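Trainee: Using the hints, position chains Z, W, X, H and F against chain Y.
Residue numbers (our numbering), protein chains in the order written: chain Y, 1 to 326; chain Z, 1 to 326; chain W, 1 to 326; chain X, 1 to 326; chain H, 1 to 326; chain F, 1 to 326.
Among these hints, one or two may not hold up.
Intra- or inter-copy, both count: the list cannot distinguish identical chains.
[What the hints assert, rightly or not] Here are the simulated SDA-like cross-link-like pairs (lysine to any residue), alpha carbons at most 20 Å apart as the crow flies:
#1 Lys88 to Gly13
#2 Lys267 to Ile293
#3 Lys81 to Asp38
#4 Lys112 to Tyr162
#5 Lys281 to Tyr260
#6 Lys120 to Asn147
#7 Lys315 to Val188
#8 Lys112 to Asn182
#9 Lys285 to Tyr260
#10 Lys267 to Leu288
#11 Lys116 to Lys127
#12 Lys281 to Phe309
#13 Lys267 to Arg310
Keep in mind the hints are simulated off the structure, nothing from the lab.
Predicted, not measured: the structure shown is a model, and the values here were computed from it.
6 protein chains.
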Amino acid sequence: MKSITTINEFKEGADIRGFFLCVEKHLRNTRSGDLYLDMVLRDRTGQIIAKLWNDVSEYQDKFSAGDAVVVAGNVDVYLDKLQLNVKKINVASVQSYGRYGYDPALIVPSAKGDTKEMWKELRSYIKMINNKYLKILVTSIYKKYENQLLTHPASVVMHHNYRSGLLEHTLSMTRIGIDLANHYNVDVDLLMTGIFLHDIGKVKEITSELEASYSDEGNLIGHIVLGRDIAIEVANKIKDFPADLLRKVEHLILSHQGQYDWQSPKKPKFKEALLLHLIDKMDAKMNLMMKAIDEDVEEGIWTSRRNYFRIPILKGDLAIMDNESK
Amino acid sequence: MKSITTINEFKEGADIRGFFLCVEKHLRNTRSGDLYLDMVLRDRTGQIIAKLWNDVSEYQDKFSAGDAVVVAGNVDVYLDKLQLNVKKINVASVQSYGRYGYDPALIVPSAKGDTKEMWKELRSYIKMINNKYLKILVTSIYKKYENQLLTHPASVVMHHNYRSGLLEHTLSMTRIGIDLANHYNVDVDLLMTGIFLHDIGKVKEITSELEASYSDEGNLIGHIVLGRDIAIEVANKIKDFPADLLRKVEHLILSHQGQYDWQSPKKPKFKEALLLHLIDKMDAKMNLMMKAIDEDVEEGIWTSRRNYFRIPILKGDLAIMDNESK
Amino acid sequence: MKSITTINEFKEGADIRGFFLCVEKHLRNTRSGDLYLDMVLRDRTGQIIAKLWNDVSEYQDKFSAGDAVVVAGNVDVYLDKLQLNVKKINVASVQSYGRYGYDPALIVPSAKGDTKEMWKELRSYIKMINNKYLKILVTSIYKKYENQLLTHPASVVMHHNYRSGLLEHTLSMTRIGIDLANHYNVDVDLLMTGIFLHDIGKVKEITSELEASYSDEGNLIGHIVLGRDIAIEVANKIKDFPADLLRKVEHLILSHQGQYDWQSPKKPKFKEALLLHLIDKMDAKMNLMMKAIDEDVEEGIWTSRRNYFRIPILKGDLAIMDNESK
Amino acid sequence: MKSITTINEFKEGADIRGFFLCVEKHLRNTRSGDLYLDMVLRDRTGQIIAKLWNDVSEYQDKFSAGDAVVVAGNVDVYLDKLQLNVKKINVASVQSYGRYGYDPALIVPSAKGDTKEMWKELRSYIKMINNKYLKILVTSIYKKYENQLLTHPASVVMHHNYRSGLLEHTLSMTRIGIDLANHYNVDVDLLMTGIFLHDIGKVKEITSELEASYSDEGNLIGHIVLGRDIAIEVANKIKDFPADLLRKVEHLILSHQGQYDWQSPKKPKFKEALLLHLIDKMDAKMNLMMKAIDEDVEEGIWTSRRNYFRIPILKGDLAIMDNESK
Amino acid sequence: MKSITTINEFKEGADIRGFFLCVEKHLRNTRSGDLYLDMVLRDRTGQIIAKLWNDVSEYQDKFSAGDAVVVAGNVDVYLDKLQLNVKKINVASVQSYGRYGYDPALIVPSAKGDTKEMWKELRSYIKMINNKYLKILVTSIYKKYENQLLTHPASVVMHHNYRSGLLEHTLSMTRIGIDLANHYNVDVDLLMTGIFLHDIGKVKEITSELEASYSDEGNLIGHIVLGRDIAIEVANKIKDFPADLLRKVEHLILSHQGQYDWQSPKKPKFKEALLLHLIDKMDAKMNLMMKAIDEDVEEGIWTSRRNYFRIPILKGDLAIMDNESK
Amino acid sequence: MKSITTINEFKEGADIRGFFLCVEKHLRNTRSGDLYLDMVLRDRTGQIIAKLWNDVSEYQDKFSAGDAVVVAGNVDVYLDKLQLNVKKINVASVQSYGRYGYDPALIVPSAKGDTKEMWKELRSYIKMINNKYLKILVTSIYKKYENQLLTHPASVVMHHNYRSGLLEHTLSMTRIGIDLANHYNVDVDLLMTGIFLHDIGKVKEITSELEASYSDEGNLIGHIVLGRDIAIEVANKIKDFPADLLRKVEHLILSHQGQYDWQSPKKPKFKEALLLHLIDKMDAKMNLMMKAIDEDVEEGIWTSRRNYFRIPILKGDLAIMDNESK
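So here's chain Y without its partners, still in its complex pose (with noise of 0.2 Å):
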């Protein structure tokens, strides 16, 4: 297969292959009634709109809006705009087209450490947990749930809103979490449970595509009942698991966000689950900043307005400023 071109590198009148996510998909007449596709395709470095007009009957059951797909094609210009004649297209997955360069990082934003090395390093943290019902209990759940811990999103649109992000976060929160539970003086192996499970309940709410979105019982019952149920169910699994401590993991998850108006049906009511909450928090805020600056395409020192914040962000270094100084 030839090189890959990405969307930001197309030219007009350029023959080229690529791997996109297929954003939308509409089957279409034209004005003289013929069909054809019209889609949206985009990838890390932008976005774009493509035709699909010969052996439409072919090509359009190979795959849905939603989909990794890659094209072979042709850029022409419409109405003063780049625009993308499809010539083959095909879902891509890393099986079938690993081999060809696929990844899914190349189609949508991931995070950016390895997702391996994060696994392992988190999984080392689970082994430090001391108290054998606490340790059996996550050990349980991220071996039932690792596929989806490796690539899932943290949120839709917030904090860490990326491939593999909820491992990263997750992980974030770990490394920080011993320490501050020592330096407050609560349980280490509460908080840090609280840790791992405050967000497991994403891996049911958030759907596994790639174009992140909600489920069914994302919608109906939200990651945050439906963490404790993932909780409760693998506890009960336990053999003498003690109900008060179970009581407690529980509310851990469901005091995590802190506040009633960010979902959470109860407030934090002892100092593990408020410091669960602070941490979350402080993780959420400072990766929220950091996607700012990463996001933001202002010329200048300081970001748009257009961010979680709604305030101007400062990027890079001050010039100095001799204001009254002289």
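Mentor: Just chains Z, W, X, H and F now, kept in the frame of chain Y:
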């Protein structure tokens, strides 16, 4: 046993017999070093400070704060207020003192209707559910928690916060539910199931003591999530209970408060859920206004502002207002 | 006259005849200096840009923006979009074009029920009022404003914001009012009077044009206060109308929005007023959810978040969810 | 009659004569079964509990709670506090006791200025209105409600909440209104009419008793809407009063609170309405700060936080602060 | 030089000369690879896209985005819109092009009054300050920042957000300050000093470019704290400036926004501070309403809701409303 | 001197010696006209009313309200409560009474750690700052304000509101600051400087009396702006302190509260400022929960709702909950 005297009938010097809720109980020392019991007693008509000076060792283990008690004693005056000198005191229950006139309704506020009649009527509505899964779900849960459902309040300090208030509130919603479901063309069975189960978690959230308070799981988990647990647990024992139907029932319970800041982790997302929330709110608000009128002690036709609504409520008829009419 | 074509049926090159709402109308110059009319036309199926190039002086005074118009013309394409070249255009009314098929319901969204049937049913409820003063008050007002009540929307952009929406909304509340009044043991006549009159000020607040907007007095005074004016004015012509009863009717109208920030200058201060508010809100919210479902254009079973509730609404049946079920 | 003693001058054992507001009055039984009157009396200097033990049947119908009373009695001590034994008591009015020194200003807080002078000055401003319709409107209304306008407070618990407070507040706004109208180039007559009439509804909302409280129509309708009623009623009797001018006056009154949650059903929608609101708010806030300073009882230069602003207010001069200055 | 053409006078094919604000400037490649300049130009009458195709290397360093520019070019049409082909372009300043008619007021919105006259009047008010320390403080600061005070806007997007808006706003407050200070019996000198200095920090917060934006210190510190810095710095150079007086001036500046969420770190704590805040808010709100009316482009007597107040504002006279009058 | 008795050990009839905070002191007349001192005394164990009847003229000038006092007296009972008859009273200081056991920690709540140890540890962290300007800035400030930093509370009524609370709070943040700075990859020196200086303004805002209250400049300016003043004043004396670095330090201090309504005039605009705010909030909230648990007096495992969080906090271990477990 002699006739019962209620607190509002106490007079200086009188010997009395009566049933009370023991609100507080403390073992204290007199200045001369002797032990005595310092208590607060309450019935539906008022509240009084009580002391037991003699045979303390005999009586002090016979009852606890929170118990219904049967008391014999003598009324005197201390620092210009009536006070009860207790001679005999013991725990009262329907079993032991019912024949002497004890009824919990004497010592704690209770719903106005007859509990058994209300229960019977409620059961008749359950039988009207057509969907066999929903009918067996509600029937099983109401059988399991019959005892609590007969006496529980619907809240600790808000609407229907009195003995059998939960039953009264649920029945009230039931009576209007079928018509409203038909009027708005929604699934009657689903709405009625929502009405029956929306507050079922209160049987776990609120302790069944005479003096209502929150249980540990009430504090940590809350009635919304606990109620969903009850529905899931029972549904899982019903053969072939449809998964999608259960999800809808769960959502009905989770979203019935309607807003995040009333501790619902989800807002209503389908018509039955929205209507359930609106009926629940209507019934609560109407009850709160009726309570505000009943409990007000101001003279005149307006209540004070010390009620849920923070405004004066019109209690009776307006006098004819002839301003400007001459 | 030839058959009517709706906007969603327009095809390039077709000659069409149809009825539309003229949303915008501007007299403009072509680059060569000739006059032409630049218009936006709308019907229930869509919206289109239209131009009239010839005989401008003949047609330009025949109609205004906001009018229902009958149009003959030809569809062509400009800048890749369909556009209508108007050949003939005139104001349409039921009197002049009814026999050719004109019906306001063709060009503006309308209530689903038959207007006359709804009106007839509403009148039957008025007759059930027992209090003679209230009955004559409502009867007189409904007689006086019959024309507006038949066609007015209940709001400009919120609930029941379509032709005859006010009638539909009032009837809907009426149908459930008597039962709810009895259920909560409030004065049925007073509640029903409140239902009939609570939004009567809308006949003055909203202009009766096809494209609803606010009148001057709507902007300056508002429907709540204007509605009370109507009640007072008519009551003052009824011999011996009791002063205290009128004050209650006034309060019902003034407080029906329930909260200051929804522009009610008073909160409900007696039971009928509170129940009126709750029924009004219930009917509005149920209508808003049904509208959100009807108007949504997303694929799948969930609406977008672009609705009154700012959350996805479940439009259809859940697929069986088998998570965890294996 | 002997000289008057105010409550702050009461001493144990003293015989006193004085004028008071009877804040509470209850007919009660002594422990021996005799009737007595239990009262709370207040004047500008303080408040005291009072009892009348003898000739109860003679005195009990002579006055009511809320009345100004003339009292003769004797001061003693009960439970370590001063208490008044009433020997004689009767209703006091300017007619009957003015010559003995009775003045309502002795028993309720009053505006500082001389009422008649304030009224005279206010009338002079009315004469400056140029628009003949507005001048006759304001003149007629002020004539009709002259008695109430002379003594009414401007609110029950907020700004200018004392005898003649409404007059003082209106005059204060009037004094700055003309200049501000010219400065902001708005219609002087319209603004001044707004100033004169914005709070006119208070004469109906607040009862004219010494102890201000809300009337029935104040509770049900409120001063904003009642004030507009007064303006409309009078304007309708003025020949050819222009309809558009009246609508503007109505809007001035309806919108003067400026925000929905201060019970204005409309926000200011033209310049005179906005300026009226801003002047009203300025005058209210300045009065509230001056009251906070006047009523504060803390030692030192800062008030407590128990005032409208919930912050300490600087009452006097700062001592020279020399921190860091050495 | 030929006569100046403003953007609203541009016609297809015309050769024009004019002065504009260069809002955007990008160096881009044509599809054939040649460099060109892609610009957005603006004047008081509108905005247009402009391209410079030839001699790019000669012109591209002559000006930057944000500059005032003098342009010669030719108007043509692209994708149905007017566009300017720039032939010559250079930076414009009053020094270099004033004699050809350049005036910053041509390209950015400006206060209506004559700047020099306003400045002269403002200076006359400063002279009226009696307290010698305050007079020298204000005089020194106004001398130091005279240049900025002549041209600065009072805000970037809110009230008085145009050239010389700060001067206009301060002068407006000054004109009403003395009378209001006397009316409310507060220290005139202190209030007037507050008026002169409350927004002085804006000369540092807002860059003095034609296109107003925030400076680095504006973003990091803000005009409230920067303004206090200016007052302290100058006061410290005045011999024997009383410490307590300076603290009051500091508080006036810090608290003038009146509320924490408008970025004042303190609420007004004495009368002059409260009155300063109220005058500032009055002047800002009146200006915002006048701007809303001036800038509105709707037909009819009502503005759209797209203004600071989010409501329609009455722009002109009401037509006679004869509802109900027949 | 005899041994010290604390208030919780007082018994009727006992002679006592002790150290107390004199919370209130009033010179009053007995009913017979003699002078006496009426006082409220407090120590860490409780509060009591005290009277000095003899030698009033000798003692009344020896101490003031707010002083630490040494007292000899006798306990009796008045109106059923213990009261102290003071025989001798004088001001207590460490200098004069330290050898007799006086320690401010006896009479006001204090941080748990040893002040000198905490100070030493804090100094060791200052030495770790690498940036020479920041290190000298913090070192100089901590040297200048050492005395206040050793004993100041961190607030008057909120978190760490006890003797040496500011030191305890700063040290707690310091201990976790370096790790968190590294974790989030921000400038360690800048963050640590922010931690050291964020609350430095409290040494001026809060008076150093035993009974903490706000100074005049605390009331007028506030600790946020006063703290920035301290940083600027010291930095300006450090040769070549970089202007941009100082601006960042200023912003750290100004924005550390994170939100406008907590009186920060700016929100955090770079990563170190955001992290500083989050650490500050974490430390404050954890302290508030620990205080809520420590200060609660309810029986059982749940605190009352009368704490910062307005919810019950779990104080101890849950009993095993066996609901549903049978």
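Trainee: Decide, hint by hint, whether the structure agrees.
Mentor: Evaluated hints:
Within a single copy, lysine 88 and glycine 13 get their C-alpha atoms as close as 17 Å, which meets the 20 Å cut-off; across copies the closest is 33 Å, which misses it. For the identical chains of this complex, lysine 267 and isoleucine 293 are inter-copy neighbours only, at 16 Å across copies versus 31 Å inside a copy, given an alpha-carbon limit of 20 Å. With identical chains, the CA atoms of lysine 81 and aspartate 38 are at most 20 Å apart both within one copy (15 Å) and between copies (16 Å). When the C-alpha separation of lysine 112 and tyrosine 162 is checked against a cutoff of 20 Å, the pair qualifies only within one copy, where the shortest distance is 10 Å, while the shortest distance between copies is 45 Å.
For the identical chains of this complex, lysine 281 and tyrosine 260 are neighbours both inside a copy (14 Å) and across copies (18 Å), given an alpha-carbon limit of 20 Å. For the identical chains of this complex, lysine 120 and asparagine 147 are intra-copy neighbours only, at 14 Å inside a copy versus 50 Å across copies, given an alpha-carbon limit of 20 Å. Proximity of lysine 315 and valine 188 under a CA criterion of 20 Å is satisfied inter-copy only: 17 Å between copies versus 36 Å inside one chain copy. Taking CA atoms no more than 20 Å apart as the test, lysine 112 paired with asparagine 182 passes between copies only; the shortest distance there is 17 Å, against 29 Å inside one copy.
For the identical chains of this complex, lysine 285 and tyrosine 260 are neighbours both inside a copy (18 Å) and across copies (17 Å), given an alpha-carbon limit of 20 Å. Taking the closest pair of Cα atoms, lysine 267 and leucine 288 come within 20 Å of each other only across two copies (14 Å); inside a single copy the shortest separation is 23 Å, beyond that limit. Within a single copy, lysine 116 and lysine 127 get their C-alpha atoms as close as 17 Å, which meets the 20 Å cut-off; across copies the closest is 39 Å, which misses it. Proximity of lysine 281 to phenylalanine 309 under the C-alpha cut-off of 20 Å is found in both arrangements, the shortest distances being 14 Å within a copy and 17 Å between copies.
Taking the shortest alpha-carbon separations for lysine 267 and arginine 310, only the inter-copy value of 10 Å comes in at or below 20 Å, while the best intra-copy value is 26 Å.
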